[in-house]
Amino acid sequence: MTAPQPASPTPTSWQLLRSTMIAAVVAGALLVTCVLPAEYGVDPTGIGRVLGLTQMGEVKLALAEEAASNAAAEAPADSVIAAAEAAPGSGAPAALNSRVSGATRSERTDTTKITTDGTGAIKARPR
Amino acid sequence: MRVVRRVTLALSSIALWPTVLLAHGVAAGDKIFILQSCGILAIPFAHLGARHMVTGYDHLLFLLGVIFFLYRLKDVALYVTLFAIGHSTTLLLGVLAQVHVNAHLVDAVIGLSVVYKALDNLSAFRIWFGVQPDARVATLLFGFVHGLGLATKILDFEMSPDGLLPNLIAFNVGVEIGQILALSAILIVMNHWRRTRGFPSLEYRANVAIMAAGFVMAGYQLAGCFILGSLI
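Chains as they are written, first to last, in this note's numbering: chain L, 259 to 385; chain G, 5 to 236.
These aren't lab readings, by the way, just hints derived from the structure by calculation.
It is possible that some hints are incorrect.
[What the hints assert, rightly or not] Ranges between beta-carbon positions, derived for each pair:
(1) Phe37/G with Ser271/L: 27 to 37 Å
(2) Thr270/L with Asp166/G: 58 to 68 Å
(3) Thr270/L with Cys42/G: 37 to 47 Å
(4) Asn195/G with Ala330/L: 44 to 54 Å
Note that beta-carbon positions come from the ideal geometry of N, C-alpha and C, so glycine has one too.
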């Protein structure tokens, strides 16, 4: 027999459903209060900002936006640098450049106080 | 009990140090290394593969779920082989055929695979639907998904076509080595834990906790798909 043995005291259908719901609710609470604020700057409850996680997420999101706009070579009206850097066919190198441009473009660094030392830039997945 | 505690401490300290390195931005260095490298670099890519597995919490959680009720080494070997066949296939094919799948969606499915495995361990499918799905088939199928996730991450690195296949195979071998290392560690801890008196009452809750972690992973990735997906 290679099939795994089931848990010894078999739970009832209702017990199992309740446990699944508990798991889902706990997961949802963690997502809304910690994960979404810290990773994406999305903070529906405001708890993330109190914990300082939303600020982290906003930095990541700003970097991701920058990398995406560079990679897509869309060249928004304000960024001459981005347009120059996002040469055709530049995927990941554009992301590396975006760190430089992120530091030189003051409106991002002023408001969010980023130290663009790579950790955020890895999250900013280029396409 | 003291032995268990000592083993756990030793293992956790071993498991922690790659994370410490990662925190210091070695991952950014990896990316530059891969971008610059061309030609066959078997050992560096094997290292990257092994580290991906040892530090990848998604794979580790799934494997923890898989071996939760496996006692014999023979069974563990069977399931690991199935998982390895699954993810090696899609990793190689995915990279060579340039299959670009949304990484967030793949990772969300991986999170759901953790939920599935935890429910399976709680015999949920037998209780709810009266059927016991074949764990071997499920492991193979989820192996395919995990490999697809790896493939999308490697494609993001834009590896040089020079020496691509040998490097990919080296990466795959590294993944296997990392998996064996991680599984050995999990097995040692599991086997000690199973022998403790508290295990029967904890195993149920442990699987519920694994399920919750799977839900968090799935939600995190799905949210990423919607929030960052619009940027890509």
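Here is how each hint holds up against the structure:
Evaluation of the 27 to 37 Å hint for Phe37/G and Ser271/L yields a failure: the beta carbon distance comes to about 52 Å. In this structure, Thr270/L and Asp166/G meet the distance hint of 58 to 68 Å, their C-beta atoms being roughly 60 Å apart. Between Thr270/L and Cys42/G the beta carbons are some 60 Å apart, a value that contradicts the proposed interval 37 to 47 Å. About 51 Å separates the C-beta atoms of Asn195/G and Ala330/L, a value consistent with the hinted range of 44 to 54 Å.
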